[in-house]
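Protein chains in written order, with my numbering: chain D, 1 to 116; chain A, 1001 to 1110.
Treat the hints with caution; some may be incorrect.
In silico BS3-like pairs for lysine-lysine, Cα to Cα no more than 25 Å straight-line [said to hold, decoys possible]:
id	chain 1	residue 1	chain 2	residue 2
1	A	K1057	D	K57
2	A	K1068	A	K1003
3	D	K13	A	K1068
Derived list of chain A stretches under chain D, where covered just means 3 residues or more per stretch with a C-beta under 8 Å from a C-beta of chain D [stated by the list, open to error]:
id	segment
4	1037 to 1051
5	1054 to 1061
6	1068 to 1081
The hints are simulated quantities; they were obtained by calculation from the structure and are not laboratory data. A quick note: this is a predicted structure, and the numbers were derived from the prediction, not measured. By construction, the Cβ of each residue, glycine as well, lies at the ideal position given by its N, Cα and C atoms.
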Amino acid sequence: KAGVTQTPRYLIKTRGQQVTLSCSPISGHRSVSWYQQTPGQGLQFLFEYFSETQRNKGNFPGRFSGRQFSNSRSEMNVSTLELGDSALYLCASSSRDVKQVIYEQYFGPGTRLTVT
Amino acid sequence: EDKVVQSPLSLVVHEGDTVTLNCSYEVTNFRSLLWYKQEKKAPTFLFMLTSSGIEKKSGRLSSILDKKELFSILNITATQTGDSAVYLCAVEATNEKLTFGTGTRLTIIP
């Protein structure tokens, strides 16, 4: 089985621009979560999508948004970029059983975003 | 707000030593606790714990959860240089949100 893929792997943007990151989960996984990882804050949860619906959202401003398509691929969008948005953005896919318990989460390699 | 605290922040030991990493949490409506290993890239899953007092084991790694005292430990015996990584602890609440700790950076000296 192919793993979680994320594109692009590296991105440099300037303040005020917007960016869209893409994540393709493992085949058969319907849950995709997004995380922001910075040296100072660690891994912080952004949001989770399951079957095209946002199930959970972290404490990030509305500039961060996402969506999931019918094939479970997910995109994350950040508008009006700020310097503090520079981070590694990780997506993770997981399978869920009928009780909606997260089993193993498989992370993608991440997109490293640098905002200048 | 849900909170996960890991200690120590970093640890340097010699190959062959045994290490214990700690994770304490304050979570409303706890569901499970997960351990991950992060080397240079993305975290990889190690264990998921839901029941108190039941040890999960995988080779030289083991973990146990204490739901009364709200903590978990990750033990690594006979450490090897390949164990050098950041170890992350995360807690899932019943609303399915995951909260991560900032990690423990483990360095194994040959």
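Hint by hint, here is what the structure shows:
{"no.": "1", "hint": "A/K1057 <-> D/K57", "verdict": "violated (32 Å)"}
{"no.": "2", "hint": "A/K1068 <-> A/K1003", "verdict": "holds (16 Å)"}
{"no.": "3", "hint": "D/K13 <-> A/K1068", "verdict": "violated (47 Å)"}
{"no.": "4", "hint": "1037 to 1051", "verdict": "holds (count 6)"}
{"no.": "5", "hint": "1054 to 1061", "verdict": "violated (count 0)"}
{"no.": "6", "hint": "1068 to 1081", "verdict": "violated (count 0)"}
Taken one by one, the earlier hints fail for this structure at numbers 1, 3, 5 and 6, listed in ascending order.
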